[in-house]
Amino acid sequence: MSIGFALDHTGGGASVTPFHGETFCPLYCNTSTCVVHDGSGLKPQAEEEEGGEATPSDGGGAAAAEDDGDDAAGVAADEAKLSEIYGRLGQIGAASAEARAATILSGLGFSTEVQNGPTSALSGGWRMRVSIAGALFIEPDVLMLDEPTNHLDLEAVIWLQEYLKTYPKTLLLVSHDRQFLNEVSTDIIHFLSKKLHYYKGDYDTFVNVRTELAKNQRRAYEASAAKKAHMQEFIDKFRSNAKRASLVQSRIKALEKMEDVEDVEDEAKVTIHLPEPGPIGRPIVQIEGVTFGYDARNPLFSNVHFGVDLDSRVGIVGPNGAGKSTLLNLILDKLRPLSGEVRRNPNLRIAHFTQHAAEQFDYRLNSVDNMIKLFPGVQEQEMRKFLGRFDISGPLALRPLKFLSGGQKSRVAFAKLAWSKPHVVIMDEPTNHLDLETIEALILALQAFKGGVMIVSHDQHFINKVCSELWVVGSGEVVKYPGEFDDYKNEQIAKRKAAGASL
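Note that the working numbering has the sequence shown beginning at 189, numbered continuously upward.
Be a bit skeptical, because a hint or two may be false.
To be verified - Computed list of lysine-lysine pairs in DSSO-like fashion (alpha-carbon distance at most 27 Å, straight line):
#1 K457 x K609
#2 K388 x K353
#3 K403 x K653
#4 K403 x K383
#5 K357 x K403
#6 K357 x K685
#7 K668 x K638
#8 K609 x K653
#9 K431 x K415
#10 K683 x K653
#11 K416 x K403
#12 K425 x K403
#13 K522 x K353
#14 K522 x K609
#15 K573 x K457
Claimed, not checked - Pairwise CB distance ranges (calculated):
#16 G664 x F563: 37 to 43 Å
#17 R587 x E301: 22 to 28 Å
#18 E335 x A484: 36 to 42 Å
#19 Q567 x A687: 56 to 62 Å
#20 R524 x A687: 42 to 48 Å
#21 A687 x R552: 48 to 54 Å
#22 K522 x P588: 27 to 33 Å
#23 A309 x E400: 48 to 54 Å
#24 P564 x D451: 44 to 50 Å
Worth flagging that the hints you see were computed from the coordinates, not collected in a lab.
Glycine included, each C-beta is placed from N, C-alpha and C at the ideal position.
Put together the whole structure using the sequences plus the hints.
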């Protein structure tokens, strides 16, 4: 790299292309070295012949004067072209482009070394960050971001939301990250029953306003229904009474003229249930003096000490590559430390959930058959009843997984997790690919869960609601953060600003 941004300003637009596999400056050109020529540059009045002196052309003084006039016109034309080029370079901010590119890349977690390396060496997640960086760099009139936080760590999410708060143009954002929406959005568009509903304010404001409107709508519907029922009761009671015929007809006409008041259309509720794990001796996990690294000469972290109990609610934070997932894999016994010890209660049951958890299933099978395949010997009716606790019921439970949405597949994965009645639930970016309703259901389930919880997540709202303590992984150590999550967040913002990672 560095990552190349090809700027196309013909017609007033802009496009960005990462140059994969090449080392390429983030600038397309700069004012000191890049001048676009069409071949009509300055030429000498006379050219030296090979092995001889320069000779004037034929035609005498008159011809020379004519050539001088042509050269003067050429110089003027070149000056006009250069002026136009410099004007365009000024419009696109070429002088500051390299610094802006480096700032954006740094904010999204690219070290200087990575910025100056080939994009072919980057994983898919990091290439997605390149795409986000490119979109921010060209600063389009309308910036559309679809789930931009999915491939970011928490620190990069915090930087991105601070950046977008001051974005000077229109931003259209699709996201399941509630806090990110709160920080960035000024308006919310809610898509429900093939209709778009518009709300002013951030996401929390939308939820509050929508809840209040729903209450008012339900009251209006119930009042209208009660009034109609009362009128219909009168009509039915006195329909055959000749003395009240005119009054009955009047009520019939009034009833016919009454406008229908629609009831509130409730969205489907999502439920997730994690069963009680049962008693177990404490501590259930103890990490004592652990040092780990894939290269013994360069450990990710050293001399780590902590424990996990049934009441633990741990959020693990830190930049990508610091070792967050590695720490989880040590607890899961998928990795062995270079030194130190990870002690686990011999009766301990641990469940592990990742953003790719649904990939463990056979998509050709339905949810019931997948679960029975994983847990042989279970009766179909029992498994259907269990899946129903996760809103996988009726025809949905018998539909092949390939026809289920991402959120529905994740609920089947939650059911698989819950079946083992774990003492500890370990989750690595669990909110990726979940909708907001499923995330809220998962929060409630984890809050009610009687076992321990360890989470790696970039979702600020999720961490805030579930975790009571933070462990920070980075700089070769794992330490318990002394404050609340908001303290950590504000600290990260301050560090970024001090380091010049914010424009």
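Evaluated hints:
1. Distance check on the hinted pair: K457 and K609 sit about 24 Å apart at the alpha-carbon level, within 27 Å; holds.
2. Straight-line distance between C-alpha atoms of K388 and K353 comes to about 16 Å, which keeps the hinted pair within the 27 Å bound.
3. For a cut-off of 27 Å, the pair hint linking K403 to K653 stands: about 26 Å separates their Cα positions.
4. Proposed proximity of K403 and K383 is supported: the alpha carbons are some 20 Å apart, at most 27 Å.
5. Pair hint K357 plus K403 does not hold up; C-alpha atoms about 35 Å apart against a cutoff of 27 Å.
6. Restraint check for K357 and K685: the C-alpha separation of about 22 Å stays at or below 27 Å, so the hint holds.
7. As the CA atoms of K668 and K638 are separated by approximately 22 Å, the hinted pair is consistent with the 27 Å bound.
8. As the CA atoms of K609 and K653 are separated by approximately 22 Å, the hinted pair is consistent with the 27 Å bound.
9. Annotation: proposed proximity of K431 to K415 holds, straight-line Cα distance about 23 Å (limit 27 Å).
10. Taking the CA atoms of K683 and K653, the gap is about 24 Å. The hint holds against a cut of 27 Å.
11. A hinted pair counts as satisfied when its Cα atoms are at most 27 Å apart, and K416 with K403 qualifies at roughly 20 Å.
12. With a C-alpha separation of about 33 Å, the suggested pair K425 and K403 falls outside the 27 Å cut-off, and the hint is violated.
13. This hinted pair does not check out: K522 and K353 have alpha carbons roughly 41 Å apart, beyond 27 Å.
14. Restraint check for K522 and K609: satisfied, since their Cα atoms lie roughly 20 Å apart, inside the 27 Å limit.
15. Annotation: proposed proximity of K573 to K457 holds, straight-line Cα distance about 17 Å (limit 27 Å).
16. Checked against the given bound of 37 to 43 Å, the beta carbons of G664 and F563, roughly 41 Å apart, stay inside it.
17. Between R587 and E301 the beta carbon distance is about 48 Å. The supplied range of 22 to 28 Å is therefore violated.
18. For E335 and A484, the Cβ-Cβ distance of about 38 Å falls inside the hinted range of 36 to 42 Å, so the restraint holds.
19. In this structure, Q567 and A687 meet the distance hint of 56 to 62 Å, their C-beta atoms being roughly 59 Å apart.
20. Our hint of 42 to 48 Å for R524 and A687 is violated, since their Cβ atoms are close to 36 Å apart.
21. Separation of A687 from R552 is about 50 Å and conforms to the stated range, judged on CB atoms against 48 to 54 Å.
22. For the pair K522 and P588, the beta carbons lie near 31 Å from each other, so the given range of 27 to 33 Å is met.
23. At about 52 Å, the CB distance of A309 to E400 agrees with the hint of 48 to 54 Å.
24. Between P564 and D451 the Cβ separation comes to about 45 Å, which falls inside the hinted range of 44 to 50 Å.
The structure shown violates the earlier hints numbered 5, 12, 13, 17, 20.
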